[in-house]
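There are 2 protein chains.
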Amino acid sequence: MTERVLVNQLQARADGPVSVSGWVETVRDQKKVQFVILRDETGAVQLVNPATRELEEGADAAAQAAHALTTTISELTHGTFLTVHGELKHDERVKLGGVEIKIGTLDIAAAALPETPIAADSGLDKRMDWRFLDLRQRRNNLLFRVQTTLEHAMRTFWIERDYIEVHSPKLMASASESNAELFSLEYFGDQTAYLAQSPQFYKQMAQAAGFGKIFEIAPAFRADPSFTSRHATEFTSIDAEISWIDSHEDVARMQEELLQVAFQAVKDKHGDEIEELFGIEVQVPQIPFPRIPLAEARRIVAERGYEIPRTDGDLDPEGERQISAHVEETYGHQFVFITDYHPEIRAFYHMRDPETGLTKSYDLLFKGVEITTGAQREHRVDVLVEQAKEKGLDLEHLEFYFDFFRYGAPPHGGFGMGLARVLMLLLGESSIREVTYLFRGPTRLAP
Amino acid sequence: MTERVLVNQLQARADGPVSVSGWVETVRDQKKVQFVILRDETGAVQLVNPATRELEEGADAAAQAAHALTTTISELTHGTFLTVHGELKHDERVKLGGVEIKIGTLDIAAAALPETPIAADSGLDKRMDWRFLDLRQRRNNLLFRVQTTLEHAMRTFWIERDYIEVHSPKLMASASESNAELFSLEYFGDQTAYLAQSPQFYKQMAQAAGFGKIFEIAPAFRADPSFTSRHATEFTSIDAEISWIDSHEDVARMQEELLQVAFQAVKDKHGDEIEELFGIEVQVPQIPFPRIPLAEARRIVAERGYEIPRTDGDLDPEGERQISAHVEETYGHQFVFITDYHPEIRAFYHMRDPETGLTKSYDLLFKGVEITTGAQREHRVDVLVEQAKEKGLDLEHLEFYFDFFRYGAPPHGGFGMGLARVLMLLLGESSIREVTYLFRGPTRLAP
Numbered sequence: 011m012t013e014r015v016l017v018n019q020l021q022a023r024a025d026g027p028v029s030v031s032g033w034v035e036t037v038r039d040q041k042k043v044q045f046v047i048l049r050d051e052t053g054a055v056q057l058v059n060p061a062t063r064e065l066e067e068g069a070d071a072a073a074q075a076a077h078a079l080t081t082t083i084s085e086l087t088h089g090t091f092l093t094v095h096g097e098l099k100h101d102e103r104v105k106l107g108g109v110e111i112k113i114g115t116l117d118i119a120a121a122a123l124p125e126t127p128i129a130a131d132s133g134l135d136k137r138m139d140w141r142f143l144d145l146r147q148r149r150n151n152l153l154f155r156v157q158t159t160l161e162h163a164m165r166t167f168w169i170e171r172d173y174i175e176v177h178s179p180k181l182m183a184s185a186s187e188s189n190a191e192l193f194s195l196e197y198f199g200d201q202t203a204y205l206a207q208s209p210q211f212y213k214q215m216a217q218a219a220g221f222g223k224i225f226e227i228a229p230a231f232r233a234d235p236s237f238t239s240r241h242a243t244e245f246t247s248i249d250a251e252i253s254w255i256d257s258h259e260d261v262a263r264m265q266e267e268l269l270q271v272a273f274q275a276v277k278d279k280h281g282d283e284i285e286e287l288f289g290i291e292v293q294v295p296q297i298p299f300p301r302i303p304l305a306e307a308r309r310i311v312a313e314r315g316y317e318i319p320r321t322d323g324d325l326d327p328e329g330e331r332q333i334s335a336h337v338e339e340t341y342g343h344q345f346v347f348i349t350d351y352h353p354e355i356r357a358f359y360h361m362r363d364p365e366t367g368l369t370k371s372y373d374l375l376f377k378g379v380e381i382t383t384g385a386q387r388e389h390r391v392d393v394l395v396e397q398a399k400e401k402g403l404d405l406e407h408l409e410f411y412f413d414f415f416r417y418g419a420p421p422h423g424g425f426g427m428g429l430a431r432v433l434m435l436l437l438g439e440s441s442i443r444e445v446t447y448l449f450r451g452p453t454r455l456a457p
Numbered sequence: 011m012t013e014r015v016l017v018n019q020l021q022a023r024a025d026g027p028v029s030v031s032g033w034v035e036t037v038r039d040q041k042k043v044q045f046v047i048l049r050d051e052t053g054a055v056q057l058v059n060p061a062t063r064e065l066e067e068g069a070d071a072a073a074q075a076a077h078a079l080t081t082t083i084s085e086l087t088h089g090t091f092l093t094v095h096g097e098l099k100h101d102e103r104v105k106l107g108g109v110e111i112k113i114g115t116l117d118i119a120a121a122a123l124p125e126t127p128i129a130a131d132s133g134l135d136k137r138m139d140w141r142f143l144d145l146r147q148r149r150n151n152l153l154f155r156v157q158t159t160l161e162h163a164m165r166t167f168w169i170e171r172d173y174i175e176v177h178s179p180k181l182m183a184s185a186s187e188s189n190a191e192l193f194s195l196e197y198f199g200d201q202t203a204y205l206a207q208s209p210q211f212y213k214q215m216a217q218a219a220g221f222g223k224i225f226e227i228a229p230a231f232r233a234d235p236s237f238t239s240r241h242a243t244e245f246t247s248i249d250a251e252i253s254w255i256d257s258h259e260d261v262a263r264m265q266e267e268l269l270q271v272a273f274q275a276v277k278d279k280h281g282d283e284i285e286e287l288f289g290i291e292v293q294v295p296q297i298p299f300p301r302i303p304l305a306e307a308r309r310i311v312a313e314r315g316y317e318i319p320r321t322d323g324d325l326d327p328e329g330e331r332q333i334s335a336h337v338e339e340t341y342g343h344q345f346v347f348i349t350d351y352h353p354e355i356r357a358f359y360h361m362r363d364p365e366t367g368l369t370k371s372y373d374l375l376f377k378g379v380e381i382t383t384g385a386q387r388e389h390r391v392d393v394l395v396e397q398a399k400e401k402g403l404d405l406e407h408l409e410f411y412f413d414f415f416r417y418g419a420p421p422h423g424g425f426g427m428g429l430a431r432v433l434m435l436l437l438g439e440s441s442i443r444e445v446t447y448l449f450r451g452p453t454r455l456a457p
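Which chain is which? The protein sequence lines are A and B, in order.
Okay, so the first sequence: first residue is 11 according to my numbering, each after it adds one.
Okay, so the second sequence: first residue is 11 according to my numbering, each after it adds one.
The shape of chain A in the complex, shown without the other chains (with noise of 0.2 Å):
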């Protein structure tokens, strides 16, 4: 590589030659000195130089050079990537970072087209259409480094606990959740593929398999044919998956732990540029996270004002921001574990409590989202057969799921999660679109 240096390293590097390589930012042609703000990852830089307009006869080589350079400079189109090697020079009057640098050559990489089809106040589906250069905005690079972290740090707190990273596979004989919302393929011509929409099935079987605690990170597919702001056709779902537990308290207590350390990661390393560019403080939740049940949850929510038009006993979105506002009121936490559900409104896998009749399952709300479903499976083969019975569910395509579970498992529970609406709700934002890397859905799957 050229000795390049990081735009960020410029501050603590003595004056003297230097190399920086990025995008032009904006350019600034007077007419006895040329400024270029030249960006890369790691932040902007002003680079400057004496303007060379015109040309004498018989000038020198070195004359003919600058003002060759002046030109090229006049001629910059923005977001042209390019590197300069100049001269650094400390001066407390600059007012980005207190350097500059003296250009001395200029070579251009690529030149960018003179019209940038996008600005930072284009619509979001216009800056969909060219993601690439929306990305450049500091605050979406910095969106998927506080992705990055995010994701290492629950990585990190799984593996230190001796979880197994699994790979389930994505392509399918049968659909994982449901019948409904799934993506069907030909497959060598007379199979008939499905694209996994959830990694539930195979990570039970890892359970099974004797794996006992796993992790898995990956894209899910939903053919969901909504608009909100919380749905996508194709997502990176965060699956974890346990043996030996005695309720889902014991996943929801791995879940909140795992959270905690991971957004004090995320402050660590990113809470000042954070408040910086989204205006948010990023909090650290206290554990244990607050639980309601459900039904104490409906009745705090009606209490509040608020009549939930669902009839089958869940919280619509509304009913989830008002028991979220509750909780932030009551306890000051962004958090809140929904408990006991009833059955019907679950998946068939989930466990039922003996006592209640509800399952032993939750939901974990944040900021007001539902951001995770989390809950012990029922691993008893024949209780399992009959609940799906119960649904109404196709047993055929299931019996190689219900094979899992006739060989001997563990008691087992897991939750998955969005990460796209983790981060929207982290940072604030107002849609998933904005924190995924290329947003899919019905009618986006380009570029």
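It does not matter which identical chain is meant; a pair holds if it fits inside one copy or across any two.
The calculated lysine to any residue pairs, modelled on SDA-like cross-linking and capped at a C-alpha distance of 25 Å, are: (1) LYS223 with LEU16; (2) LYS279 with LEU268; (3) LYS277 with GLU170; (4) LYS223 with LEU181; (5) LYS136 with ARG240; (6) LYS136 with GLN201; (7) LYS279 with THR166; (8) LYS223 with SER247; (9) LYS223 with THR166; (10) LYS223 with LEU20; (11) LYS223 with ARG23; (12) LYS41 with VAL58.
If you are wondering where the hints come from, they were derived from the structure by calculation, not from laboratory data.
Once you have looked at the hints, place chain B on chain A.
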């Protein structure tokens, strides 16, 4: 959670009450004493119970319980998951770890059907049908721990060097590499989506977005009808891409350092166990890895007496084995970079050396098998379009990709590496099917 103790913690624990959970590996039901070997994700332990075969009339509760326990143990099936509360006792005579547990109570979580459909020596296809049972083998459990360590070491290497982790979409409107071997699906009626064959275009997009250095570990899909030991229709691809390189050499240097660090982590954590269960000594590769231009590699292979039947100038699998054997004999090295491929046998986006006309790319061979293609990419859009045209590609469908380079882009390059191939070779396995959690091939879509 119950106060479950993992089997590998028993040796260090004092004699006394203890609770362990796992699955039944064997039962020796002798007349006077019963032995159960219980395995969990960390090891195996011997459970012992003095048999109470007869129950006298008027026997007390304790005698009844003892008789019931004896019966339960006699009826235990292989694979049954259970928890035992008992008394831990250190005893040098016990071969298995020098400890045993006298059973107090025994709780069956889920009893296994009596006939286990596979044994450790069953054929590969049969074992894949019952993969969840196959995975209970110690070597398979270790295999996925090795995978976990390998990946975590790689991610940590990158994150310590400020790489951004991306999740590129697996649903695309166009092919990412070629139109061959592409899975397509109906996307909301009137659209066609394709499954990503690699994250190639989208990791390059991150370079135009100014991300600098990125990585991704994610599934990739190829509708590849081949049945070799090295191919799958779905596989885990390890990808990295970096900006401001001078040539593919910068990519190769990053990759060899990455592999050295990752192999060291595997050796440190699992070296002894790999030697015990796979009979393989993990060799941490020295850097730099040897580099051999393709033309020279072909000469060497020919001198060894092997005539490559391919006429396109590339190596074939036997040629790869031959050149690797040469490198092993000459340099004692298991890795070799083959460089300087002709553009005809490389993707259109590989940058070409203006002097030689050859691509600035490499293949990395490990123990005679290709595990990676790496290259500097062509970032100058006019040259890129020309190269695509020369290959006879459908330019219209590549417009979205060309756009990435029209608004400025840095010189960049990267590599893609197949996780399963690395694991297969590292552990001396004969097929990627053995090292994939759930293999997917033309006739394999289940379980």
